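Asks: Sequence:
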Amino acid sequence: DYAAHSPGMKIVLHDGDRSRVVAMALSGQIDVGVGCFLQPVSGVRRTPLFRFSLMVIKPAVQPASGPPRCLRWKDIVDWRLIGAAPHNPIQQLIDRNLQRFGRREPPDMVFDYFETQIAMVEAGVGCAVIPTFAIPACRQHRIAMHPLTDPVVPIDLCQITSRGRKQPPGFEDFAGFLKSYIAEWAEPWSPKFA
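Under the numbering used here, the first residue of the sequence shown carries the number 9, and numbering increases by one thereafter.
Keep in mind the hints are simulated off the structure, nothing from the lab.
Source: prediction; values computed, not measured.
Built from N, CA and C at the ideal position, the CB exists for glycine as well.
Do not rely on the hints blindly, as some may be mistaken.
Between beta-carbon pairs, the in silico distance windows are [stated by the list, open to error]:
{"hint": "1", "residue 1": "Phe109", "residue 2": "Gln148", "range": "26 to 32 Å"}
{"hint": "2", "residue 1": "Gln107", "residue 2": "Lys18", "range": "42 to 48 Å"}
{"hint": "3", "residue 1": "Tyr189", "residue 2": "Gly24", "range": "39 to 45 Å"}
{"hint": "4", "residue 1": "Ala31", "residue 2": "Thr124", "range": "34 to 40 Å"}
Quick list of in silico lysine-lysine cross-link-like pairs, BS3-like style, CA-CA up to 27 Å [what the hints assert, rightly or not]:
{"hint": "5", "residue 1": "Lys174", "residue 2": "Lys66"}
{"hint": "6", "residue 1": "Lys174", "residue 2": "Lys187"}
{"hint": "7", "residue 1": "Lys82", "residue 2": "Lys66"}
{"hint": "8", "residue 1": "Lys187", "residue 2": "Lys82"}
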């Protein structure tokens, strides 16, 4: 969509884990990185694009109708949960919240990618806590999505740039495009920026 909006801008996409995206931004291999960067990183400027939250997904008994039903963290502590590896910062955030309500065990099954977790939930292997920015991927599967409350845990999707590099021409326009594009598909039950 952005290429049609700004045909003179060259956009090259890279897919990689957070540490690789940070390294690429710092080295100048990329001008902008996008992802969940929960901890500050020296030399990196984090700019929030959209505030999401965490939700639990489970196999769908029937197609969804109406708004999703909220669940509380304490409701899911005893469920069979699928998660990510313990070094994953998002999984660490999830684990801290589950521990507040008494869960001491790690996830029952571990998969690195949200898409794999979603597929395993659809297959009936268990449930997973994932960020709501995964809703578009979830809509491709027969699963039920439930916002987690008490507390709502915000998680920001950010763009990162190197503090030592000047932002490239068109950067602000691209950031504005990303924010409006995300707002088009993001769910209405995400927490808003304060």
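Asks: Does each hint hold? Answer for all of them.
Replies: Evaluation of the provided hints:
| no. | hint | verdict |
| --- | --- | --- |
| 1 | Phe109 <-> Gln148: 26 to 32 Å | 30 Å, holds |
| 2 | Gln107 <-> Lys18: 42 to 48 Å | 45 Å, holds |
| 3 | Tyr189 <-> Gly24: 39 to 45 Å | 21 Å, violated |
| 4 | Ala31 <-> Thr124: 34 to 40 Å | 24 Å, violated |
| 5 | Lys174 <-> Lys66 | 44 Å, violated |
| 6 | Lys174 <-> Lys187 | 21 Å, holds |
| 7 | Lys82 <-> Lys66 | 16 Å, holds |
| 8 | Lys187 <-> Lys82 | 33 Å, violated |
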